[in-house]
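**Q** Residue numbers (this note's numbering), protein chains in the order written: chain U, 1 to 123; chain G, 124 to 270; chain V, 271 to 637; chain W, 638 to 840.
Simulated from the structure, these hints should not be mistaken for lab results. Do not take every clue at face value.
Okay, the calculated beta carbon distance ranges per label pair [claimed, not checked]:
(1) V/479 / W/823: 53 to 63 Å
(2) U/111 / W/822: 39 to 49 Å
(3) V/400 / U/8: 44 to 54 Å
(4) W/690 / U/75: 54 to 64 Å
(5) V/276 / U/90: 54 to 64 Å
(6) U/7 / W/732: 37 to 47 Å
(7) G/246 / W/822: 54 to 64 Å
(8) V/397 / W/823: 25 to 35 Å
(9) G/270 / W/660: 15 to 25 Å
(10) V/397 / U/21: 31 to 41 Å
Only some residues are given here: those of chain U computed to face chain W with a beta carbon under 10 Å [what the hints assert, rightly or not]:
(11) 4
(12) 6
(13) 35
(14) 38
(15) 42
(16) 47
(17) 49
(18) 57
(19) 60
(20) 69
(21) 113
By construction, the Cβ of each residue, glycine as well, lies at the ideal position given by its N, Cα and C atoms.
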Amino acid sequence: MLTDYTYVAYYLIAAFVFAGGAIGLPILLRYFHVVPRNPNAEKYNIYECGMETTGKTWIQFNFRYYFYALIFVTLDVMVVFLYPWAVQLKQLGATALVTILVFIFIIAIGYIYAWKKKALEWN
Amino acid sequence: MTVELQATEVAAKLEAAFPGCTIESSGNTIVIKDEFALKAATFLKNAAGLDFNYLNFLTATDYQTYFEVIYDLVSLEHNHKLVLKIKLNNREKPELASVTGVWKGADFQEREIFDLFGINFTGHPNLKRIFLWEGFQGYPLRKDFKQ
Amino acid sequence: MALKTETFLVNAGPQHPSTHGVFRMRFILDGEVIQDVEPVFGYLHRGIEKLAEGLTYSQDMVFTDRLDYLASMTNNQAYAVAVEKLAGIQVPERAEYLRVIMAELMRISSHLMGVGFLTNDIGAFLTPLLYMYREREKILDLFDMVCGQRLTYNYMRIGGVSQDIPEEFLPALKKFTDTLPRFIEEYEQLLATNEILLVRTKNVGILTKEAAINYSTAGPVLRASGVKWDIRKAEPYSVYNRFNFEIPTATKGDVYDRYRIKIEEMKQSIIIIKQAMEQLPQGEIQAKVPKVLRPPKGEAYGRIEGPKGELGFYLVSDGATNPYRLHIRPPSLLNLTPLRELVIGVKIADAMAIFGSIDICMGEVDR
Amino acid sequence: MELNNQPQPEVYSDKILDKTEGEGVEFVKQQHQIQIEDPDSWQNEESNHNFILASADALINWSRSSSVWPVNAGLACCAFEMISTASSRFDISRFGMEIFRPSPRQADLLIVNGTLTWKMAPQLKRIYEQMAEPKYVIAMGSCAISGGLFRNSYAVVPGVNKIIPVDVYIPGCPPRPEALLYGIQMLHKKIKKQRNFEKRKSA
């Protein structure tokens, strides 16, 4: 049984080789002076259309952005759980359908609650 | 066809409203004293037959002994036009009332005149250099500007 | 319970993809809603009005090409009209007609760029712009045929035009004016019923009629707010009173109306060019103007209807060969005066669409 | 010349930031009066003797020169000739350059097109500094080369090479798109002569 999936190991190796190359190559090229190194203060400054940045950026944003992020995460996680179910729809039969519907219903309650509490209002 | 309003009639109306305000009027230009600037501007904008509601452009010229500020006024309904001039003899600290209250279009043009001529517009909401940077010495469009 | 939020300052600075040149807006933002904006000019201020006082009248014609570098022909025409009014020169018929043809071609090209960069700012990056460039290249070929330059033509002289048109110009112009309406139809299908464009431009940046007049805006911005004011009809200069064409106006004054006005004006320009081609008389193309022009003492204000609005030159002459004072009425700078009122309380993306619809050219704003 | 006491401006106008910007411009104006000599050092060096390094050089230079990405920084009239070159007729994408990066971080080439004024000089210098190495500069148009038509104006930098080192100069006002394409080919020739495996200040 297990041998059917050996090709997954090759993908794993390829992934590591690629990651190693992506990180190692610039370091290697920098060592061989192919990538020139010319640090100066202006280069490490923040780019803002050619101007110096003013004011601080760690500020208190409006809360509605955070609301949206929360609701998105809940629905996204739900979708992640639907994928394996959707792939094996035929073999799992009706019982899996009922459980999934219960699962969706629970998340829908939270979504409708947030909706009614005007979390999605974008004034 | 844009009618060039006869300056003499308009000067007569202006004299009626503010005696002693016009210095001379010829062709389609009226020259008024600088302390009547704001009053004349509001009068010309709201007067019944005139209603100059459109400030076409606003500029200044340096005639070595005095500055001259030129208002080119147009009325869009009656399609007639008039040129209002004001002479500023004080060269060290030229000062004039700002007309941004009457025509908001004068905002940037007055800042440009302040930037290039150094004429101060009292009552302008945001009077500072528009084209040149803050530390620039002198006013370029004056005739005695050294490079 | 509204939580206290802080604002932060962002520069839509001189080097920015959608500021049509080196223009800077200092935004104070609360999240993405703009609380306040301060336009900063001067990054292209070359002091043309000071330099122009040092050169003679015919030499200053060269500066006018660099003012609104998207519409050099109409700059030349405005300066020529002003100096001819000052010096009292009568321009021959054929030169007037050539000037009208070139000015209307320039208006089409400038509106193409206006609409192209507006759709660029809204989000359709480069696709409509490349369509518009295809037409503009045809117009630039026509100008290349006439005066050998693509952008800064220096084609018009005081008292006439520098060169006569070659024979192959009229057939090429005829072919262009026949095919352009079909291409404008193509843009209509591409843009006019496009859902995204409608949602992004309808009811955005509304400039009321009184505000448009009070802020002394001109051109498409003023006509989009419902004011029927076009110098070609209000004070017909050159031979514009011999053509019949309408002035397209709209009522609401939002970004969509300004876009619509530009498309309609392109169609009107084609009608004018067609009429001008038929009535094009023969004759010489340059009036008798002394080599060293010394206009009489005095002042004059000549104005034309440029693509961006009323472009005028205020000239004061003290009898010398160079102008004592040359002031340019910048339609782009005056169209920008209501920017602050239009943009406060709007999201950044809409602010860029509003700014794009006003269609400025930095050479004319900063002079 | 003290300012008059105008009413509390409800219009937002940041005088402190303007003052600091003004000082920046004055500082750059004092600093940058002399020409920065063009980075041509690698023109007359002969290529690497070692066979492996020479072919590695050729490969690296070929890959660098065939996809130079310009910064989307248009100053004035020449900007529209640059955009005409980037549009479908003169097609700069034949050289792998049609992607005009808005931010200097992702660009290799800064085409200075148009008149550089003293107020814009510190900003342009900052854009040049913030570009990633190896970076190249094309001075397009006579305004960038020597201030051109507006050379003796009070607000124009007489030549961009007073502010940043320039690799290729393209004369013309504005230069036709074909001239810009020829300038780009000259830049490619210049990049192909670069030597990569030595330790030295930036190319």
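**Q** Run every hint past the structure and note whether it holds.
**A** Evaluated hints:
no.: 1; hint: V/479 / W/823: 53 to 63 Å; verdict: 55 Å, holds
no.: 2; hint: U/111 / W/822: 39 to 49 Å; verdict: 59 Å, violated
no.: 3; hint: V/400 / U/8: 44 to 54 Å; verdict: 45 Å, holds
no.: 4; hint: W/690 / U/75: 54 to 64 Å; verdict: 56 Å, holds
no.: 5; hint: V/276 / U/90: 54 to 64 Å; verdict: 55 Å, holds
no.: 6; hint: U/7 / W/732: 37 to 47 Å; verdict: 41 Å, holds
no.: 7; hint: G/246 / W/822: 54 to 64 Å; verdict: 59 Å, holds
no.: 8; hint: V/397 / W/823: 25 to 35 Å; verdict: 32 Å, holds
no.: 9; hint: G/270 / W/660: 15 to 25 Å; verdict: 21 Å, holds
no.: 10; hint: V/397 / U/21: 31 to 41 Å; verdict: 36 Å, holds
no.: 11; hint: 4; verdict: 41 Å, violated
no.: 12; hint: 6; verdict: 36 Å, violated
no.: 13; hint: 35; verdict: 7 Å, holds
no.: 14; hint: 38; verdict: 4 Å, holds
no.: 15; hint: 42; verdict: 4 Å, holds
no.: 16; hint: 47; verdict: 5 Å, holds
no.: 17; hint: 49; verdict: 8 Å, holds
no.: 18; hint: 57; verdict: 16 Å, violated
no.: 19; hint: 60; verdict: 20 Å, violated
no.: 20; hint: 69; verdict: 26 Å, violated
no.: 21; hint: 113; verdict: 41 Å, violated
The earlier numbered hints that this structure contradicts are 2, 11, 12, 18, 19, 20, 21.
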